[in-house]
Every structure is written in structure tokens, then in C-alpha cells.
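> Use the sequences and the hints to build the structure in full.
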Amino acid sequence: MSPVKWLSQAAGVVSSTNPWDLPHAPRPRSPWRIDGALPDSSNGALLVRDADDRLWVYKPVARERRLHDFPAGTLARREVASYLLSQLMGIALVPLTVFIEDGPRGAGSMQRWIDDDLENPLVVADTTERLPGHWRGFLLGIDEDDHEIGLAHSPHPALRALALFDTVANNADRKGGHILLGPDPDLDGTAHVWAVDNGLAFHTAPKLRTVLWGWAGQPLEPVEEMMLDQVVAVPDDIFDEFINVAEVEALRQRAADLLEFGAFPGPSGLRPALPWPPM
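Going by full-length UniProt numbering, the first residue of the sequence shown is number 1, and it counts up by one from there.
Certain hints may be false.
[Stated by the list, open to error] Just the calculated beta-carbon pair ranges, DEER-fashion:
1) T190 - R27: 17 to 25 Å
2) H68 - A107: 16 to 24 Å
3) Q218 - P272: 33 to 41 Å
4) P235 - D186: 37 to 45 Å
5) A37 - E260: 40 to 48 Å
6) G133 - R27: 38 to 46 Å
7) P235 - R29: 40 to 48 Å
I should point out that these hints are in silico values taken from the structure, not numbers from a laboratory. No residue lacks a Cβ here, since even glycine has one placed at the ideal position from N, Cα and C.
Below, the structure written as C-alpha cells:
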């Protein structure tokens, strides 16, 4: 059995015969109760409780802000495509995310709420002397007191997997605050690394902006090459409700290009490497 298949089966993702056979997700059920708005959300996200008293982050299509480089009304569907890609790569870093038509504010994505461990962040911006010495980081600038300000991320292997995922997904907005450490709400509560706010992804043009550059230039591991092989082979219909055919083909091509390059890419120098703000 391939490592990718094993990883996916361990996460309850694929069957033993068909790597694209996703199980039916435990979808949210109405009636809904809106618990409040997420104050830092740029797309009007709401915290919603479903009929089973489970918490979800709900992103209505109708409340998406218009962007000059992403088609209007597509971000919620890109959130779901990100979940599917994470599952198919066998890394399960994106919380369960589904698209619903009957949400309290209309159609949109719903993603399981994650209780973030704020005491143990995986990405930190601080003066360079206060950053963990074994973390991977780079200089952001100088503050008003002439202290160097840096950004660093943990060397946790799940973040390496996320860096690969974001490169393949062409994530244009991987901020530090979009990387959480918290219990799986549907399993045993074991701490898990999660990637949220994945809507700015799958563009056909190069858009990668991320805080996870710490593996740039490092050779791909065999299991990572096998993950990329899975993406190259992904059929169109896995994503056909969420991203278009050109975006699926671009996804496959990015995976093929990474396989040919054989290593994690670094900043291109042709566009900003970091999202802003980075946290």
C-alpha cells in the first residue's frame, strides 16, 4: 500500500479500492442558529450552530467582497475545493467544509469551527531576539525603537505538508492567523494542526503568498512526490462543482511542475511573497 493511500485511509478519507471515493461527510443540518459574526472576517463570516448543536463557520456567497483577481461569488466554493484537495492529498489539514444551498443567509460554505490554542501559536511575529531559535523565519523590518522585527514559523511537519498543499493550491493568502492548533471537534479531541480561510486559491495565474517559506529549496520527500502524483491524476469531476476546468488543469500542472523541480519553491521575486498583513 502506498504511503499516500495509508495516510488517507488513516484519516478516514478513501476506500481501499478507489482513492477518490470520499465518504459522505456529516453535513450540517437546519434549523440554524446564528451565534454571531466573526469580527476579523473580510467576507461577512458568521458563527452558526446547526440542529445537532455543532458549531460551523458559515461564509454566505452573498456577503463575499468583490476582488479584482477572483471571479465574484466563487470564494465559498473554493473553500470546499481546498477541503477536498487536503483530503485527497491524505493530509487532512482543512476542517470539514461543505457547500450548502439553504443557509440562514443563502448559499455558502460551512466549515467546522476549531477552538484555536492561542497560547501555543505556530507562527509568530516579534522582535528577532524573542523568536524561537530553532524556528524558520525571516526579517520583516525595523520598529520605531530600531528593533528588528521578524516572522517565524514552527518546524512542525504538518506545516511542511501545509506548505506543499498551499503551493499546489496556489494559495494567495496563507496568513499566520489562518494556521490553528486545536482539537478535532468530531473525533477524540487530540490536538491537530488546521488550515482555515482557504478561499483565495486555485487561480490559474501564479498567486502564492504565504508565511511558510521555511522549506524553500529543500528536496521533496518520496511521500510528498506520491502526494503530487495523486494530484496530477485527479479527475475533473472531483472539483467540478467548485472550481472550473481551467483551474483544475492548472492545479494538475502545478503538481507536475513541482515534481519536475523536485524541491519546495522559494519566493519568485516577481510578486509579493507574503500576504499582508502576514498575521
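> Just to be sure I understand the hint, the distance between the Cβ atoms of P235 and D186 should be within 37 to 45 Å; is that true here?
27 Å, violated
> Do the Cβ positions of H68 and A107 conform to the proposed distance bound of 16 to 24 Å?
Holds, since H68 and A107 (Cβ atoms, about 23 Å apart) stay within the stated range.
> Between the beta carbons of Q218 and P272, is the distance compatible with 33 to 41 Å?
Violated, at about 22 Å.
> For the pair P235 and R29, does the Cβ-Cβ distance stay inside 40 to 48 Å?
Given about 29 Å between the Cβ atoms, the range is violated.
> Confirm or reject the claim that T190 and R27 have a C-beta distance inside 17 to 25 Å.
Because 23 Å falls inside the window, the suggested range holds.
> Is the distance from the Cβ of G133 to the Cβ of R27 consistent with 38 to 46 Å?
45 Å, holds
> Looking only at beta-carbon atoms, does the pair A37, E260 fall within the given range of 40 to 48 Å?
45 Å Cβ-Cβ, so the 40 to 48 Å window holds.
Consistency note: the structure conflicts with the earlier hints numbered 3, 4, 7.
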